[in-house]
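Please put together the full structure from these sequences, using the hints given.
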Amino acid sequence: MRAASMTAALLCAALPLAACKIVPNPDPEEVAAANMSDEDRMAAWVDENWDARVLPAAEDNRTTWPAFSAALEEGLQPAGEAEGLRPSDNGPWFFFMQGEGQVVEANLDSRARRMELDMDGDGSADIALQLGPVVRGTALRDALPFVSFTDFRDQIEFAKLGRALNDRATANLPELSGDLTGSTVAFTGVFGLNSSAETPMAVPTSLEVRP
Amino acid sequence: MTVTRRIFVAGLGMTAVLPMVQAASAQGKGLIAIITPSHDNPFFKAEAVGAEARAQELGYETLILVHDDDPNKQSEMFDTAIARGAAAIICDNAGADATVAPVQRALDAGIPSFLIDREIKESGIAISQIVSNNYQGAQLGAEEFVFEMEEAGPYVELLGREADTNAGIRSSGYHDIIDQYPDLEMVAQQSANWSQTEAYEKMETILQAQPDIKGVICGNDTMAMGAWAALEAAGRTDVIVVGFDGSNDVRDSILNGGIKATVLQPAYRQAQLAVEQADQYLETGSTGLEEKQLMDCVLINADNAELLETFALQGA
Chain A
5 MRAASMTAAL
15 LCAALPLAAC
25 KIVPNPDPEE
35 VAAANMSDED
45 RMAAWVDENW
55 DARVLPAAED
65 NRTTWPAFSA
75 ALEEGLQPAG
85 EAEGLRPSDN
95 GPWFFFMQGE
105 GQVVEANLDS
115 RARRMELDMD
125 GDGSADIALQ
135 LGPVVRGTAL
145 RDALPFVSFT
155 DFRDQIEFAK
165 LGRALNDRAT
175 ANLPELSGDL
185 TGSTVAFTGV
195 FGLNSSAETP
205 MAVPTSLEVR
215 P
Chain B
16 MTVTRRIFVA
26 GLGMTAVLPM
36 VQAASAQGKG
46 LIAIITPSHD
56 NPFFKAEAVG
66 AEARAQELGY
76 ETLILVHDDD
86 PNKQSEMFDT
96 AIARGAAAII
106 CDNAGADATV
116 APVQRALDAG
126 IPSFLIDREI
136 KESGIAISQI
146 VSNNYQGAQL
156 GAEEFVFEME
166 EAGPYVELLG
176 READTNAGIR
186 SSGYHDIIDQ
196 YPDLEMVAQQ
206 SANWSQTEAY
216 EKMETILQAQ
226 PDIKGVICGN
236 DTMAMGAWAA
246 LEAAGRTDVI
256 VVGFDGSNDV
266 RDSILNGGIK
276 ATVLQPAYRQ
286 AQLAVEQADQ
296 YLETGSTGLE
306 EKQLMDCVLI
316 NADNAELLET
326 FALQGA
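Keeping their order, the protein sequence lines are chains A and B.
Throughout, the working numbering is defined as the position within the first sequence, counted from one, plus 4.
Throughout, the working numbering is defined as the position within the second sequence, counted from one, plus 15.
Simulated from the structure, these hints should not be mistaken for laboratory data.
SDA-like cross-link-like pairs, simulated, lysine to any residue; straight-line CA separation at most 25 Å: (1) B:60 to A:94; (2) B:136 to A:152; (3) B:136 to A:92; (4) B:136 to A:48; (5) B:136 to A:35; (6) B:136 to A:156; (7) B:60 to B:88; (8) B:229 to B:198; (9) B:136 to A:154; (10) B:136 to A:40; (11) B:136 to A:31.
Now the structure itself:
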């Protein structure tokens, strides 16, 4: 009798416990991230990764104009394998270019400012640099080997990442004014190619107008 | 008598065996269920046709189903595919949130799903999600729109269905470009739910309130066709219309000097790619690719419209 009532009492005591689930306090950083807008969250991503991972990836994969243009003579595929990278199998080949060239033409009045550079001294434009604030495409995002679309919620968040990276790249550029035609410009930048016939249109991650 | 009886028994045996033989030979590599929105929109039809052709080439039977953008209907179709013991499901889905559960259910039943065109809000349950790079495509369309508008004037935006991520992403791509031009003013922004008739009605109403509009940018081609029809009916063929998809209807309109531009999503190829990845997965247990894949879009205007046929650029 006594044992039975003891068991019953123990069971009663244990029941509410069985219904309890221990929930750890949510990680404050995760809560903060969930409450942010996509723009803010992706801007924070860029802040966190720009110096730590983006610039090192650009450095690790960089090529030069002579190496790139020589490889491209053989076709885009061999050029990509030798000098570029292709994080997505269905996508373009990407190249992180470091080089300097002469300004053939510059348009600094548009919302999509750009300059065209002659890289091999023949007087014709070989590459265009997008100077923002409007930057076409997402080459900088898509070229980064450690960034995967699968890791992002959807295209909208992923698009905001592309925009945030482009914004950071163009925000880092120096003030540009006046007629730059004929000036020498040193830069690092990234572009994607789908065919060897395209003129590269790069997003610069650094740029310097040489005196 | 004995002979007759023997023949009779043999005949019985034959009739019993025959259906089994037929079933076995028709089974091939199994069944692929292809689930898309209504084929009224030629875009979805091209997907279904592309997927079916590739699946049959690779030795599969196919089951074509249409969910009409109704998540309940779609859910039933996943159950049909599960009940039929499909080898794989190819799906252009009826909603980013609503599709998570059926894809999970199929996975639990051992059936892999390969999603095209529209993504879902979760990764790790579908094997592939192959979507057009809608953001990149929308930027191309917006740049062309800005150019045609000569960077100024009042315009209207017709949005797609709200539950569809593609509606939001295209709008976001459009505005990332258009909003950089302060003289372009959006005077109305409404959803026409991807529908031609709805776009026609919305455009009629908007024209009454905003008779001075200069352009209309649309989330897809069927809405662009609806808007253009309303503008034509009102004698406003001066209005600049830009769509998204790359349909033959809009191609013809561009070639006839109507709609100005659209953005081609490679729908036919995308559907075929999904089937190829399904086949690879079923044969080897892996596609060898990332789950989520983006395919770039191409701007279509008067310069290249004649190369466009059934959501593919000829000679490209």
